[in-house]
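Note that numbering that gives the first Met the number 0 numbers the first sequence so that position 368 is 367, with each residue one more than the last.
Quick caveat, the hints were computed from the structure, so don't treat them as lab data. Given the structure is predicted, the values throughout are model-derived calculations rather than measurements. Honestly, I wouldn't trust all of these hints.
Cβ pair distances, simulated, as ranges [said to hold, decoys possible]:
#1 P350 / E54: 21 to 29 Å
#2 D163 / K263: 34 to 42 Å
#3 K233 / S262: 24 to 32 Å
#4 W347 / I295: 18 to 26 Å
#5 K33 / N323: 55 to 63 Å
#6 W164 / D266: 29 to 37 Å
#7 L77 / E287: 37 to 45 Å
#8 S379 / D44: 27 to 35 Å
#9 E54 / D90: 37 to 45 Å
For each residue, glycine too, the CB sits at the ideal point set by N, CA and C.
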Amino acid sequence: MNVNVRFAPSPTGTLHVGGIRTALFNYFFSESNKGTFILRNEDTDQARKVEGSLEVTEQSLKWLGVSWDTLVTQSERLEHYKKYAMHLVSDGKAKEEEGAIRFFVPKTDKTSWTDAIGNKEIIFENKDIEDFIILKKDGFPTYHLANVVDDHLMEITHVIRGEDWIPSTPKHILLYQAFEWNVPIFAHVPNVLGIDGKKLSKRRGAKSVLDFKGEGYLAEALLNYLMLLGWSPKDDREILSKEEIIKDFSLEKINSAPAIFDSKKLDWLNGEYIRSLGDKELGNRLLEFDSNISNIPNFEKYLPLAKTRMKTLADFRLLVEDKNVQLLDKQRDLNINLEKNYLNLKQWTAPFILPATFSARDESGATTQDIYTVLTGKPSGLPFSEKLEIEGREKTLERLRKQK
RNA sequence: GGCCCCAUCGUCUAGUGGCCUAGGACACCAGAUUCUCAUUCUGGGAACCAGGAUUCGAAUUCCUGUGGGGUCACCA
């Protein structure tokens with residue numbers, strides 16, 4: 000199958016996860032059919048344009064490992080839109096109106112198409128569709144015109160976009176028919192909803208893709224999670240690499256119902272990906288995420304201990320760093336006993352630290368959680384014997400003395 | 001409100017007339033392992049929106065209702 004697809008964001012803000020999922024569907028559809036993938040910057044709205052939006056989109060895509068074949072910008076293609084708009088005018092299908100050009104919808108008949116999502120026919124009565132502007136008086140095209148002209152010129156075979164475009168699809172089809180062009184296949188993918196059940200939007204606090212990066216999510220985990228939202232492989236697999244998705248991807252397997260974004264499952268997946276990383280690789284990812292982590296002495300030694308306890312890369316620092324708290328009486332006793340036992344310890348290694356710590360605990364009538372509180376300021380954390388071995392005797396004793 | 005889309009456990013989903021007393025995953029609960037917390041392992045509760053119709057048989061097909069969502073710009 001010959002496949003050409005495009006992802007066409009407008010540069011009016013940062014790309015959130017709903018938008019990126021549409022990009023992902025385009026990308027994987029193109030990849031699995033060895034097609035081409037165009038990134039099209041739809042900057043035809045002068046007023047709403049936000050500087051830097053395209054760059055953020057590119058960064059987001061790159062971070063996720065999504066590549067595109069060409070980048071085109073609509074504001075550089077104004078003459079095309081104008082030319083085709085004038086065609087319509089001279090054919091009597093559109094008319095100049097106060098400096099703008101309006102397309103006339105034939106009010107009889109119906110317009111329909113078979114949508115690839117759910118393989119269903121969607122029908123609109125033409126009388127319900129209003130005449131619409133195709134070229135604005137500032138000389139820029141509206142989405143409808145620019146989209147149809149570009150999709151035709153770029154030989155787009157499959158238009159994969161959000162389902163909020165369904166109501167304007169008949170307008171686009173009417174335009175294709177007016178130009179006597181072939182109509183591409185439409186695949187309207189359901190929206191991603193927030194926990195409130197409403198469409199994700201920046202206004203309602205939808206996070207951008209780069210926000211997830213900043214919070215310590217792994218690109219492959221986010222990508223995996225997003226693909227599971229509304230799409231599923233043939234079997235029960237949940238953890239899928241890019242290659243596996245490319246192998247399995249098809250439009251037919253996209254669900255026709257909207258999906259709610261559930262961060263709990265993302266957290267789980269991210270943890271799974273973190274645990275699957277080798278220590279060295281995890282260390283590199285941590286440094287990329289936060290270069291200050293290199294200031295933690297022997298930070299790489301904590302990796303095997305922290306790995307099973309992390310949901311995001313940001314958790315590492317939280318796990319390793321200690322806190323200061325006010326001790327209870329029995330914890331104060333424990334503190335004293337620990338200092339005594341540690342001073343006399345023959346060897347500062349985990350197998351020695353462990354029994355010495357427990358005997359101090361028993362002498363002071365404390366609990367194991369008290370040990371963690373005294374040693375780290377937190378009721379739980381990395382296994383103390385190994386953690387203390389890494390930190391060294393001096394640092395440990397210093398803490399015990401200070402909080403006496 | 002008009003038009004359009006959608007409807008399986010709390011969430012993501014499998015399921016395209018009999019394999020379904022509905023499967024998997026997350027989350028949740030319980031137990032095991034464990035130096036805490038996690039990880040890991042085992043087990044558990046949890047769903048076909050409602051009502052009609054078609055059929056020997058319906059989660060799967062068709063109607064109606066209800067609910068949710070989207071869209072109604074010289075914005076995309």
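Outcome of the hint check:
1. P350 / E54: 21 to 29 Å: About 54 Å separates the Cβ atoms of P350 and E54, which means 21 to 29 Å is violated.
2. D163 / K263: 34 to 42 Å: violated (26 Å)
3. K233 / S262: 24 to 32 Å: holds (27 Å)
4. W347 / I295: 18 to 26 Å: Since W347 and I295 have Cβ atoms about 19 Å apart, the given range 18 to 26 Å holds.
5. K33 / N323: 55 to 63 Å: holds (59 Å)
6. W164 / D266: 29 to 37 Å: Taking Cβ atoms as reference, W164 and D266 lie about 31 Å apart, which means the hint holds.
7. L77 / E287: 37 to 45 Å: At 41 Å between Cβs, range holds.
8. S379 / D44: 27 to 35 Å: violated (52 Å)
9. E54 / D90: 37 to 45 Å: holds (40 Å)
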